[in-house]
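J.: Sequence:
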Amino acid sequence: MARTNEDESKDASWYLDSGCSIHMTGKKEWFVKMNEVLDGKIKFADDRSLMAEGSARVVVRDTDGREVVIEEVLYVPGLKTNLLSLGQLLQKDFVIRMEDNSLSIFDQSKRLVIKANLS
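Mind the numbering: the sequence shown is residues 1091 to 1209 in our numbering, read in order.
Wrong hints could be hidden among the right ones.
To be verified - Restraint ranges, calculated between C-beta atoms of paired labels, are given here:
1. P1167 with D1190: 36 to 46 Å
2. D1129 with D1154: 20 to 30 Å
3. V1203 with E1119: 34 to 44 Å
As the list claims (entries may be wrong) - Calculated lysine to any residue pairs in the SDA-like style (CA-CA distance at most 20 Å, straight line):
4. K1205 with P1167
5. K1205 with D1154
6. K1133 with Q1198
7. K1182 with S1108
8. K1205 with G1168
9. K1205 with V1149
10. K1117 with L1174
11. K1200 with K1170
12. K1117 with A1146
13. K1117 with E1143
14. K1205 with L1180
15. K1170 with D1197
Calculated from the structure, these hints are not laboratory results.
Each residue gets a CB set at the ideal place from its N, CA and C atoms; glycine is no exception.
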């Protein structure tokens, strides 16, 4: 579940979210070049809402130290959890496979880009 300012967290992890319609983070320093977002109200399952202030690509490092570029990410000040939208990944032709208590995501060239244990 997404956390807001009410929670204390400096977490740099990304959470795969099937209920999230677009990637989002509250970490402005991760954005490369931000575009302004019009009508950026984000509503959460608990009826709280935050405003998105921008959209851009984000560059992060994976656990192996490789740079990973995440396209079309919303900047949502106050959001303490970084969310990756499974739906948005599918729209970008990524392949998602769940088996053996794990979820794997492959890019368009069938290269494994994310593997996460199911919890």
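J.: If a hint holds in the structure, say so; if it does not, say that too.
T.: Against the structure, the hints come out as follows:
no. : hint                         : verdict
1   : P1167 with D1190: 36 to 46 Å : 38 Å, holds
2   : D1129 with D1154: 20 to 30 Å : 38 Å, violated
3   : V1203 with E1119: 34 to 44 Å : 23 Å, violated
4   : K1205 with P1167             : 28 Å, violated
5   : K1205 with D1154             : 13 Å, holds
6   : K1133 with Q1198             : 31 Å, violated
7   : K1182 with S1108             : 15 Å, holds
8   : K1205 with G1168             : 27 Å, violated
9   : K1205 with V1149             : 18 Å, holds
10  : K1117 with L1174             : 14 Å, holds
11  : K1200 with K1170             : 31 Å, violated
12  : K1117 with A1146             : 12 Å, holds
13  : K1117 with E1143             : 12 Å, holds
14  : K1205 with L1180             : 15 Å, holds
15  : K1170 with D1197             : 27 Å, violated
Comparing the model with each earlier hint shows violations of hints 2, 3, 4, 6, 8, 11 and 15; every other hint is respected.
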